[in-house]
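Novice: Sequence:
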Amino acid sequence: MADARQLLAAYQTYAGTSPSATVRYPLLPLNGFSEAGINAEGEIGIDPEQGRATGRVRGIPSGERWVAWAIVNSNSSAWGTLPDSSDRITRLGVFAGTGAVHTFDESVPSLRGQRIDRVAVTRTERTPDLGFVLTGSPALLDRLPRGGSGFSQSDAEQTVARGRALFRSETFGGNGRTCDSCHGETSNFTIAPGDLAGLFF
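Letter 117 of the sequence shown, counting from 1, is numbered 117 in the working numbering, and no numbers are missing.
To be clear, the hints were calculated from the coordinates, so they are not data collected in a lab.
Glycine residues also receive a C-beta, built at the ideal position from the N, C-alpha and C atoms.
Misleading hints may appear alongside valid ones.
[As the list claims (entries may be wrong)] Listed next, with one range per pair, are the computed distances between beta-carbon atoms:
#: 1; residue 1: 189; residue 2: 75; range: 38 to 48 Å
#: 2; residue 1: 103; residue 2: 131; range: 14 to 24 Å
#: 3; residue 1: 64; residue 2: 181; range: 37 to 47 Å
Let's have the full structure, built from the sequences with the hints guiding it.
Specialist: What follows is the structure, encoded as C-alpha cells:
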C-alpha cells in the first residue's frame, strides 16, 4: 500500500491532468466470483453527461450474446461491492462481433447524472446479480473529485495514515479478522482462490 505521501503525490498528478467526461471501467474476470471458463478482457466507457456507453471486449465466444450492465450500489442490508438484487442495475447494450473483438456503442439516457459503481458483462439470459463473466470498477483516483480536496497536505497525510491503520488493525465484530487478513496489501489486496478455504473454514 502506498504511504500517505505517495498517495497524495499520485492524486496531485491526477488532479493536474485534463478531465475526461468518460469514465473508463476495465473489464476482467473476478477470481472466485466470475463464471468459469471465460478468458476475456476489455473496457467499458461511460459518459454520464451525454448518457452514452461504449464497450470493447476481446476473448468472449462468438456463438452467444453478451450484455453489458451498469450497477449503482444500494445501501440496503445486503449492501456490498458486487451486484445484488437491491442494486440499481441498468442494461447498457449488447456486444456485437463475429471475430475475437466484440463492441457496442449505445445511447443510455438513464445514465445522465449517475455515478456508476461497477459494470459487468453477462450472458444474455442473466442479470449481473445472478452471475457475470467480467466485471470492473473505476480506478481509485477516478472516484475522487478533481477540484480542491479541502485537505491541506498534512491533513491528507494524516487521513490516509488513519485509513491504512484502520484497514490493517480494526477487527470485524470481535472475530479477530481485519481487512488486511484477507485483502493483504502485499498481494495487491486480492484473495487467491486457493486461499479461500483457509480464510473462511
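Novice: Confirm or reject each hint.
Specialist: Evaluation of the provided hints:
Between residue 189 and residue 75 the beta carbon distance is about 23 Å. The supplied range of 38 to 48 Å is therefore violated. Taken as a hint, the range 14 to 24 Å holds for the pair residue 103 and residue 131, whose Cβ atoms sit roughly 23 Å apart. Between residue 64 and residue 181 the C-beta distance comes to about 38 Å, which sits within the given range of 37 to 47 Å.
This entry does not satisfy hint 1, going by the numbered hints stated previously; all others are met.
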